[in-house]
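Since each chain comes alone in its own frame, lean on the hints to assemble the complex.
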Amino acid sequence: MITLWGRANSVNVMKVLWLLDELALPFSRIDAGGAFGRTRDPDYAAMNPNATVPTLVMPNGYSLWESNSILRYLCRTQPGGNAFYPEAPETRADVERWMDWQLGSLSDPMRVLFWTFVRTPEPERDMAAVAQALPQAGRLWGMLEAQLASRDYPAGAFSIADMTLGGFLHRWFSLPIERPEMPRLRAWYERLLERPAYRKHVAVPMS
Amino acid sequence: MLRLWGRTSSSNVMKVLWLCEELSIPYERIDAGGAFGRTNEPFYLAMNPNGRVPTIEDDGFSLWESNAILRYLANSRAPSHAIYPTAPKARADVERWMDWQLASLNGPMTTVFFTYVRTPEPERDYAAAARARDEAEALWRMVEARLAQRDYLCGDTLTLADIALSPYLHRWFALPIQRAGLAKLAAWYDRMREHHAGFRTHVAVALS
Numbered sequence: 001m002i003t004l005w006g007r008a009n010s011v012n013v014m015k016v017l018w019l020l021d022e023l024a025l026p027f028s029r030i031d032a033g034g035a036f037g038r039t040r041d042p043d044y045a046a047m048n049p050n051a052t053v054p055t056l057v058m059p060n061g062y063s064l065w066e067s068n069s070i071l072r073y074l075c076r077t078q079p080g081g082n083a084f085y086p087e088a089p090e091t092r093a094d095v096e097r098w099m100d101w102q103l104g105s106l107s108d109p110m111r112v113l114f115w116t117f118v119r120t121p122e123p124e125r126d127m128a129a130v131a132q133a134l135p136q137a138g139r140l141w142g143m144l145e146a147q148l149a150s151r152d153y154p155a156g157a158f159s160i161a162d163m164t165l166g167g168f169l170h171r172w173f174s175l176p177i178e179r180p181e182m183p184r185l186r187a188w189y190e191r192l193l194e195r196p197a198y199r200k201h202v203a204v205p206m207s
Numbered sequence: 208m209l210r211l212w213g214r215t216s217s218s219n220v221m222k223v224l225w226l227c228e229e230l231s232i233p234y235e236r237i238d239a240g241g242a243f244g245r246t247n248e249p250f251y252l253a254m255n256p257n258g259r260v261p262t263i264e265d266d267g268f269s270l271w272e273s274n275a276i277l278r279y280l281a282n283s284r285a286p287s288h289a290i291y292p293t294a295p296k297a298r299a300d301v302e303r304w305m306d307w308q309l310a311s312l313n314g315p316m317t318t319v320f321f322t323y324v325r326t327p328e329p330e331r332d333y334a335a336a337a338r339a340r341d342e343a344e345a346l347w348r349m350v351e352a353r354l355a356q357r358d359y360l361c362g363d364t365l366t367l368a369d370i371a372l373s374p375y376l377h378r379w380f381a382l383p384i385q386r387a388g389l390a391k392l393a394a395w396y397d398r399m400r401e402h403h404a405g406f407r408t409h410v411a412v413a414l415s
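Protein sequence lines correspond, in order, to chains F and E. Following this note's numbering, the numbering of the first sequence begins with 1 at its first residue and continues without gaps. Following this note's numbering, the numbering of the second sequence begins with 208 at its first residue and continues without gaps.
If you are wondering where the hints come from, they were derived from the structure by calculation, not from laboratory data. Any given hint could be a false lead.
Stated by the list, open to error - Each pair of labels, with its calculated beta carbon distance range:
hint : chain 1 : residue 1 : chain 2 : residue 2 : range
1    : E       : T326      : F       : I2        : 42 to 50 Å
2    : F       : N82       : E       : A345      : 21 to 29 Å
3    : F       : N82       : E       : A393      : 21 to 29 Å
4    : F       : A45       : E       : D358      : 33 to 41 Å
5    : E       : F243      : F       : S28       : 35 to 43 Å
6    : F       : P79       : E       : A335      : 43 to 51 Å
7    : F       : G37       : E       : F321      : 32 to 40 Å
8    : F       : N82       : E       : G244      : 40 to 48 Å
9    : E       : F321      : F       : E124      : 21 to 29 Å
10   : E       : R325      : F       : E178      : 28 to 36 Å
11   : F       : M58       : E       : D358      : 22 to 30 Å
12   : E       : P233      : F       : R199      : 43 to 51 Å
To be verified - Residues of chain F placed beyond 10 Å of chain E at every Cβ, according to the derived structure:
hint : residue
13   : Y44
14   : V130
15   : E190
Even glycine gets a Cβ: it sits at the ideal position worked out from N, Cα and C.
Okay, chain E solo, but in the shape it has when bound (with noise of 0.2 Å):
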């Protein structure tokens, strides 16, 4: 069976989990990561170097990186899927939002994460997480345009970007910030809250 090791209070976990729901893809959960430790014990290690959640052991095969298991999990159980389509273009327009997600998004959306979830009031750099958030909401922005002719980020239906994308719009509307109004964004959150379990279980939870 599939072995997951990753703590559920990770964002990148978040994305595995709703994945393996999504597909309903067998799967075993071990914590590890944050106050779980084991990342950097040498049998972790040796599966994944980076030290970091999630990793995934498949039938002797480790992989590590949330968005290239989300592709391989896809790939490997329902390559015909059109959670991830087969046709290039649909294909690429998918992998563009996911590698948008690792490279744009998800610096500021830390940052505006890890001040008001996880780090003590008095220790918190609230200049920094403004400006982080006014990057946030310009990236977010993007995304409300997308949304305009849009169900989901790439269609009609759910892909893996939108799986990609769902803890930190989650974050995104659980946080206690400013958000300007953007209602394709809300209008998307709730569609996926409504109509994915996989999303309410694992994703749209208490932050933590």
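Next up, chain F with everything else stripped away, as it sits in the complex (with noise of 0.2 Å):
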């Protein structure tokens, strides 16, 4: 069986929880990363020498981590797969864009909120750097909003492109944050909220 270690509350192993559970493959989860730890640990170093979660291995002790790369490894090998990754060198890369835009953009101003509101204690939040990050997100959640004027999806079709940005769009519209008027996005929203891998997995109290 498949096993993913990391913590379920954390969104990168949410995208991962959320592929397995559209793709129907069986899987073991081990807690690991956050108050878990076990990521420092000789054995889980030797999987993932970054110390992150999710680590993915597959039943034949092959292993791979960074989130982003285990959503193309998984629907490349596994069946079904390639409904959620076009195989067409223009769709596949406008996947990808958005995918690159996660880890390269849009995490940063969200880790910032996210943190803040929810991993913090009150007193010790840094406001000014939630006013930074927040027209920051803004500006980039405003990009998609735009994208969706012409499609449903970022991308065009439903694809890993919307879950590796679901679990940062649930807490865009979760934390207790003023957030311009969206409505493709929330529209959006609303449509991976209809997918019961998504409530189950990604659109889960915050913690």
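This is how it looks when you write it as structure tokens:
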């Protein structure tokens, strides 16, 4: 069976849980990261020298880390995976562009917002950092609001780009922040909420 | 012909330039970003709403995000080339290090680079640069361990992963900072300089 290492409340673990569920792949999950520790233990470091979660271990022992790369690998190798990862170079690049954008642009300001409101006690919160991150995140979500004018999902059809972004999208709409009105972004969020796997693994209470 | 938007001093533009040279892809390049501006003009934002460089235009298809561009060019121009292996595990290995560059290496390396190269001396935050240098060194140690059994990041030959990391590698060795003696890392740097004209021409250049 597939083993997934990583605590369920990690936004990067959520991506993989969502895909495993969409593909109906049996797996077991082992808590690691955050309060669970383990990621600096020698046996974990041998699988993942970056000491992050998630790490995927396939039934034959092959292991892989970096959540977006795990999504691509599973789509490439598991039955049904190509439905979420189109093959033509242009459509594939469209999917991957949003995945890379999540890694390189979206995750930083969203991490500041999430950590401040969810993982930092109120007296210790750096509200100046929030004041900087909030408009940055708003600008980035505004890009998707524009993108969604002509499509139901960021890359056209539902894909692993949605699985990469969905955790951050849920946080954006759940955090106690002031959000600019983005009706298409909201409609996309509601569209994702129709998927049981999203509700089960991603759109859950923040912790 | 492929059109590439972006100034040559951008690490993300460098990646694309090197790949084009490595795969002999003809292209024309137009300066944009930094002092050249253009990235916030309506025509540019229509191609790339993120307002960054690089952006490519390829026969009506426009694409931004440098690592996605590398994969697209390999997929569309050289689908069976070893630079982007097709076997799932080998490909995942390449993609993992590309993602790691974006998510882990980029942050601290950008702080160090901007401090020493793009910030006037009186305005430099040396404490932030020192913290970032320590972080970056820990990350380069991961690569050092990795290179114990390999000539390139993902095996015996050059892949997109080497290209994605290469501008940061050059900066690591070119910046006026303290560096731990990482022999494999230095050998990898020398190997790319010796064997890849695209690296010498587009990446291992004076910092600006």
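Hint-by-hint comparison with the structure:
A hinted range of 42 to 50 Å holds for the C-beta pair E/T326 and F/I2, which are about 47 Å apart. A hinted range of 21 to 29 Å for the beta carbons of F/N82 and E/A345 is inconsistent with their spacing of about 37 Å. For F/N82 and E/A393, the hinted distance range of 21 to 29 Å is not satisfied, since their beta carbons lie about 42 Å from each other. Look at F/A45 against E/D358: about 24 Å separates their beta carbons, and that is not inside 33 to 41 Å.
The given range of 35 to 43 Å is broken by E/F243 and F/S28, whose C-beta atoms sit roughly 52 Å from each other. Between F/P79 and E/A335, the C-beta spacing of about 48 Å keeps the proposed range 43 to 51 Å intact. Taken as a hint, the range 32 to 40 Å holds for the pair F/G37 and E/F321, whose Cβ atoms sit roughly 34 Å apart. Distance hint check: the CB atoms of F/N82 and E/G244 are about 41 Å apart, consistent with the given range 40 to 48 Å.
With their beta carbons about 28 Å apart, E/F321 and F/E124 fall inside the hinted range of 21 to 29 Å. Between E/R325 and F/E178 the beta carbon distance is about 33 Å. The supplied range of 28 to 36 Å therefore holds. In this structure, F/M58 and E/D358 meet the distance hint of 22 to 30 Å, their C-beta atoms being roughly 27 Å apart. Judged by the Cβ atoms, the range 43 to 51 Å given for E/P233 and F/R199 holds: they are separated by roughly 49 Å.
The beta carbon of F/Y44 is kept farther than 10 Å from every beta carbon of chain E, the shortest such distance being approximately 14 Å. With a closest Cβ-Cβ approach of about 19 Å to chain E, F/V130 is found to remain outside the 10 Å limit, as its non-interface label requires. Every Cβ of chain E is farther than 10 Å from the Cβ of F/E190; the closest lies at roughly 23 Å, confirming the non-interface assignment.
Of the numbered hints stated above, those contradicted by the structure are hints 2, 3, 4 and 5, listed in ascending order.
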